[in-house]
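S.K.: Start from chain A and add chain B according to the hints.
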Amino acid sequence: MKSTKILERILIAIPTMLIIAILIFVLMRIMPGDPVDKMMGKGGNINIEEVQALEREFHLDLPISAQLKIFLSGIFHGDLGMSFQERRPVWELIAERIPPTLELALCALLFSLIISIPIGIISAVKQNSLIDRLGMAFAFLGISTPAFWLGIVLIIIFSVKLSIFPVYGRIAYVYKPIHITGMYVLDSILSGNWPALKDSIMHLVLPSVSLGAALAAVTTRILRSSMLEVLRADYVTLARTKGLSEYMVITKHALRNALIPTVTVVGLQVGMLLGGNMIIETIFGWPGLGRLVVTSIFNRDFPVVQGAVMFYALIYVAANLIVDIIYTYLNPKISL
Amino acid sequence: MKMKKILMLLLVTVLLFGLVMNVIAASKDTLVVGLLQGVISLDPANHRNRTSETVIRNMFDGLVTRGPDMKIVPEIAESWEWLNDKTCEFKIRKGITFHNGEALTAEDVEFTFNRIIKEGGMDGESSPRKGLLGPLESIEAVDDYTVLFKLSEPWTVLLKMLPHQQIVPKDYLEEVGTEEFRKHPIGAGPFKFVEGKLNERIVMERFEEYYGGSPDLPPVGIAPMKTVIFEVLPESSTRIAALLSGECDIVQNVSTTDAPLIEKNSNTVVKYAKGTRAYNLEMNLSKPPFDNINVRKAMNYAFDGNLLIEMVYGGKGNFFAGPLFPYEEMFDSSLKQYEYNPELAKVLLKEAGYPDGLSIVLDTETDLKEVAEITAGMLSEAGINCTVRLWEWGVLKPLLLKGERNLLFNYWGSSILDPVGYVDAKFLTNGRGNYSKYSNPEVDSLIAKGAISVDPVERKEIYKKMQRFIYADYFYIGWSVNSLTGCSADLINWEPIPDSRINLHDADFK
Numbered sequence: 001m002k003s004t005k006i007l008e009r010i011l012i013a014i015p016t017m018l019i020i021a022i023l024i025f026v027l028m029r030i031m032p033g034d035p036v037d038k039m040m041g042k043g044g045n046i047n048i049e050e051v052q053a054l055e056r057e058f059h060l061d062l063p064i065s066a067q068l069k070i071f072l073s074g075i076f077h078g079d080l081g082m083s084f085q086e087r088r089p090v091w092e093l094i095a096e097r098i099p100p101t102l103e104l105a106l107c108a109l110l111f112s113l114i115i116s117i118p119i120g121i122i123s124a125v126k127q128n129s130l131i132d133r134l135g136m137a138f139a140f141l142g143i144s145t146p147a148f149w150l151g152i153v154l155i156i157i158f159s160v161k162l163s164i165f166p167v168y169g170r171i172a173y174v175y176k177p178i179h180i181t182g183m184y185v186l187d188s189i190l191s192g193n194w195p196a197l198k199d200s201i202m203h204l205v206l207p208s209v210s211l212g213a214a215l216a217a218v219t220t221r222i223l224r225s226s227m228l229e230v231l232r233a234d235y236v237t238l239a240r241t242k243g244l245s246e247y248m249v250i251t252k253h254a255l256r257n258a259l260i261p262t263v264t265v266v267g268l269q270v271g272m273l274l275g276g277n278m279i280i281e282t283i284f285g286w287p288g289l290g291r292l293v294v295t296s297i298f299n300r301d302f303p304v305v306q307g308a309v310m311f312y313a314l315i316y317v318a319a320n321l322i323v324d325i326i327y328t329y330l331n332p333k334i335s336l
Numbered sequence: 001m002k003m004k005k006i007l008m009l010l011l012v013t014v015l016l017f018g019l020v021m022n023v024i025a026a027s028k029d030t031l032v033v034g035l036l037q038g039v040i041s042l043d044p045a046n047h048r049n050r051t052s053e054t055v056i057r058n059m060f061d062g063l064v065t066r067g068p069d070m071k072i073v074p075e076i077a078e079s080w081e082w083l084n085d086k087t088c089e090f091k092i093r094k095g096i097t098f099h100n101g102e103a104l105t106a107e108d109v110e111f112t113f114n115r116i117i118k119e120g121g122m123d124g125e126s127s128p129r130k131g132l133l134g135p136l137e138s139i140e141a142v143d144d145y146t147v148l149f150k151l152s153e154p155w156t157v158l159l160k161m162l163p164h165q166q167i168v169p170k171d172y173l174e175e176v177g178t179e180e181f182r183k184h185p186i187g188a189g190p191f192k193f194v195e196g197k198l199n200e201r202i203v204m205e206r207f208e209e210y211y212g213g214s215p216d217l218p219p220v221g222i223a224p225m226k227t228v229i230f231e232v233l234p235e236s237s238t239r240i241a242a243l244l245s246g247e248c249d250i251v252q253n254v255s256t257t258d259a260p261l262i263e264k265n266s267n268t269v270v271k272y273a274k275g276t277r278a279y280n281l282e283m284n285l286s287k288p289p290f291d292n293i294n295v296r297k298a299m300n301y302a303f304d305g306n307l308l309i310e311m312v313y314g315g316k317g318n319f320f321a322g323p324l325f326p327y328e329e330m331f332d333s334s335l336k337q338y339e340y341n342p343e344l345a346k347v348l349l350k351e352a353g354y355p356d357g358l359s360i361v362l363d364t365e366t367d368l369k370e371v372a373e374i375t376a377g378m379l380s381e382a383g384i385n386c387t388v389r390l391w392e393w394g395v396l397k398p399l400l401l402k403g404e405r406n407l408l409f410n411y412w413g414s415s416i417l418d419p420v421g422y423v424d425a426k427f428l429t430n431g432r433g434n435y436s437k438y439s440n441p442e443v444d445s446l447i448a449k450g451a452i453s454v455d456p457v458e459r460k461e462i463y464k465k466m467q468r469f470i471y472a473d474y475f476y477i478g479w480s481v482n483s484l485t486g487c488s489a490d491l492i493n494w495e496p497i498p499d500s501r502i503n504l505h506d507a508d509f510k
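Chains as they are written, first to last, in this note's numbering: chain A, 1 to 336; chain B, 1 to 510.
Just so you know, the hints here were simulated from the structure itself, not pulled from any lab data. Cβ atoms here follow ideal geometry from the backbone N, Cα and C, with glycine treated the same way. There may be inaccurate statements among the hints.
As the list claims (entries may be wrong) - Okay, the calculated bits of chain B under chain A, using three or more residues with CB under 8 Å as the criterion:
id, segment
1, 238 to 248
2, 257 to 265
3, 324 to 334
4, 346 to 355
5, 415 to 421
6, 425 to 434
Same shape as in the complex, but just chain A:
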């Protein structure tokens, strides 16, 4: 039953994605700005024939309806088209950017959960204590600190002044893990390349902290408030009167229920993290999806933007589905 529900949800996603594809296709073309003109840059020596040849090649000389037809028939054949600027298949460009983005997103998520879950629980259990106040102060700071500022400050302290972590990139050139998944941490573990593992982790620390700080702050606050609510519920009092240890009451009874709103928030944030973070990727020279999309929008590289937006839609649909599945695990009364 459950698997048919999941399949149903996936099938519903297909028309959604198609509508998104058509919308973004039309929007990109309504937007002012000409891809060939962008390609030529602000400089002279442009030949009208070369501009026309490029327009013909990119089908920009055709009416929008004809271009849309080419695009849609491409999609149904599994072809997202070629990037105007790089002249490489769009899927290849996107696929290349997924592992770095995924790696960074997972590390940022891991960092934020490691920080937020204990602080959230302790703050709620020991409400108004010093730990609670410090925890909330940290959360407030995390929410209000812009990621780019945090990133630069971390670079100045830990890279330039203390020389502990590298400034940029994913791995030093001297270490080359074998390409398996494209995620260097995982690849180094799989291939048993320990120096590469160390180096890629060192490269991940600062961007993960910068990216994960805000998420950690949000999660801490949500978890604390839902824990507070749950701790006052009757069934928790009942559990206590049954004589269960405080540890059992909190972990088995309270936390599990308090996690439902937290999972919702984290799930949505993960969707955002997987889309790539333009700012963090730019600061740390991280070659992820966010940078690809923003650059492509400015360059009016239509096929890349179209492909990437469809990929985003897919991620959001998947993230929501996973959140729903986790709900059913946390509270079996909820069904898909």
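M.R.: Below, chain B alone, put in the same frame as chain A:
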């Protein structure tokens, strides 16, 4: 207690690791460059982008190249001769090999240029570099080491434009195809491609059989560096941090505000090169208020270009008199900058019917915001009150070409420092970058003549006349800014060049 020990151990490991990292960064047969943006393609025919060219030209050589003084010198070509004003003969240097060991001959040169000028020349795709070759009609390999360039009309800047095209191997390309070539490019330059992701890092290794490069740019021979790495670092503060921490040896595009930070550090220096980008304030002549010459004059007297360069760029720049760069060959040195005179500007505005001053929107892009605001502040002293409006270029440009905006602050590149490619875009009626909507039949005809004149003296006269017309029409205020490159203090035999290419052939460490 146990916890404390574990923490100490962790800290020590982390610190030791940091030290190891530093030692790696300090190995001196490797040079790391921090690039401003990703590379679009490693195929010399497949981009219109300076950063891509910078990387490509370390792997590929051209027929000719430029030294830091912008003079054209032979590279793969040994010599050249104009047979008539439409035909140029190049003699190819003997003994040059590509990275795969194949000899470079006239056939490769012919193939390279055909790939660019023919529609669909790159396995069905058209090159975006055709316009850089102007009226080049055909290329013909006469024998193994002689090539004829045939133009459809005379074109004086052919040689100045040739450093921007690099020679590719015909046999290899025909064998593997364009797509594979872009993944594993092979050239005849000082470094060969090892690996690379265009938006992350490109690694090259010294080519041991390199012919040595241009004899006019000593030292000649194989490169001192064993490995060169180009790292893509779009954020300027990251580039600076990477230079200061020793992870990069050269970083592109340092801003004047960051320069003191680099100068203060004993391990790093800033190097300067004259700019080839003209920044300009352009007034739309097709509608009020700038259709009135007195308003345009007032703008010129209200703008203190020298102060702006001093304040914003630490004096590292040049305020123009007229439209051309004061350090380019065709510049008319008899032209003088309009003096800063806000009182005169006010009088002129009054005469034009704006006794209480003029309010206007100054259009620009986000990256030029600060300078635009300073400019606006300066103009307000003379009663020209500008509101700065920031645009995304793709949105603004169509409006400019339709003549719908009034005042623009922007820039235009002229990497060869020649009027060709610059004046025909900015001042020719309906030129590609003519945002002032300037239209003057005499200027149009001078621009056309200048492009085909082959006599340098006559050419200069033509451009002098053109400059005087533009100067007297008061619609264009220009300046250039030196490009700043941050370098390791140990770096020797490397100087930045105005066309912003980073040639690492001779670069070495003390």
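S.K.: Can you confirm whether chain A covers the segment 238 to 248 of chain B, using C-beta to C-beta distances below 8 Å and requiring at least three such residues?
M.R.: Contact hint for the segment 238 to 248 of chain B vs chain A: holds, 6 residues under 8 Å.
S.K.: For the segment 346 to 355 of chain B, does the count of residues with a C-beta closer than 8 Å to a C-beta of chain A reach 3?
M.R.: Violated - the segment 346 to 355 of chain B has 0 residues with a Cβ nearer than 8 Å to chain A, which falls short of three.
S.K.: Closer than 8 Å, Cβ to Cβ, for at least three residues: run that test on the segment 257 to 265 of chain B against chain A and report holds or violated.
M.R.: violated (count 0)
S.K.: The segment 415 to 421 of chain B covered by chain A? Criterion: 3 or more residues, Cβ-Cβ distance below 8 Å.
M.R.: holds (count 3)
S.K.: How does the segment 425 to 434 of chain B fare against chain A when you require at least three residues with a CB closer than 8 Å, holds or violated?
M.R.: holds (count 3)
S.K.: Do three or more residues of the segment 324 to 334 of chain B come closer than 8 Å to chain A, measuring C-beta to C-beta?
M.R.: violated (count 0)
Of the hints listed earlier, those the structure fails to meet are numbers 2, 3 and 4, in rising order.
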